[in-house]
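Just so you know, the sequences run in chain order Z and A.
This note's numbering applies: residue 4 is where the first sequence begins, and numbers increase by one.
This note's numbering applies: residue 141 is where the second sequence begins, and numbers increase by one.
These are calculated hints, taken from the structure and not from any lab test.
Watch out, some of these pointers could steer you wrong.
From the structure, some residues in chain Z lie toward chain A, with a derived Cβ separation under 10 Å [unchecked claim]:
hint, residue
1, Glu55
2, Leu143
3, Met148
The C-beta atom is built at its ideal place from N, Cα and C for all residues, glycine as well.
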Amino acid sequence: MALKAGKKILIDFEGAISYATMERLLNKLRASSDFQDMGKPARKRLYGTVVESIDNIFKYGVGIRGKELANKRAPILNVSKTKGRFIVTAGNMVRNEDIEDLKFKLDRVNQLDDEALKSLYEDIINKESTDEDRGAGLGLITMAMRSEEEIGYSFTEVDNHHSYFKMQIIING
Amino acid sequence: MEKLIIEATMNSPRVELDHEKKLFEFSGESRPENVRNFYLPVLDWLEEFSAEVSKSKSNTPLVFNFNFEYFNSTSAKYILDIFKSLYGIHENGTEVLIRWHYEEDDEDMYEVGMEMSRMSRLPFEYVKVEV
């Protein structure tokens, strides 16, 4: 991968993500000097964003081992630093039928200001069942609250049933 | 009833719920692999404790210490459930005081505490931890 001037890569991972992989990636993040040099509040925001991004892959990601997927693409997790800003990019295959739901949740948090995000957070944390379901987007709301900018996202169709979903969150260092 | 002690791991907090010593504390990081499996025993314990407390009303407030370094959004739901359960005890006449610890520069953790307090209607005392 070509390095742009001033861009530093903290994590550049592509492959299946299990819970153990998540631990390894978080260890790698903690060990990086760019992470350690951050102020504590920003560091926690970045750490939380990486955790929630991976949780989101667990919730929506389609297993890539399935033989039925001809054009399968592995999940990615990338953390880089440019001009004092940290960029977290997460990508994974999703089912096309889940796109609408994800888009709705992403557009919703992107349109809300801090106060409105707080009240949405309250609605959802109180309403959401404590069953281990996909969640009503509490992770996305938390990420939106911690980021100064909109959550960027894209869906690229892979086949009739699957698309590759990419999400980008920016944390000020 | 038995006390409940769970030791911390890299991704789950230390839990100490000791009704005999009146020590109640959560500390560390919370993003266990299965959040539900982790918190259900805690919520069950609190339910049993709540029944116990209602039998023997005491004038001394019960102090619960929360000293989280980090918790993910899935844990947040269960942590709110803990507060809702404690509110039940509080409402039944045994005062419950939450001590919410946050590192001095961790505004996010402080704010989450305020939200949790408002949502659960429990009084929180904020303890700034110097780093």
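Taking the hints in turn, this is what the structure says about them:
1. Glu55: holds (6 Å)
2. Leu143: At about 9 Å, which falls below the 10 Å cut-off, the nearest Cβ of chain A leaves the hint on Z/Leu143 intact, so it holds.
3. Met148: Cβ of Z/Met148 sits 8 Å from chain A, so the hint holds.
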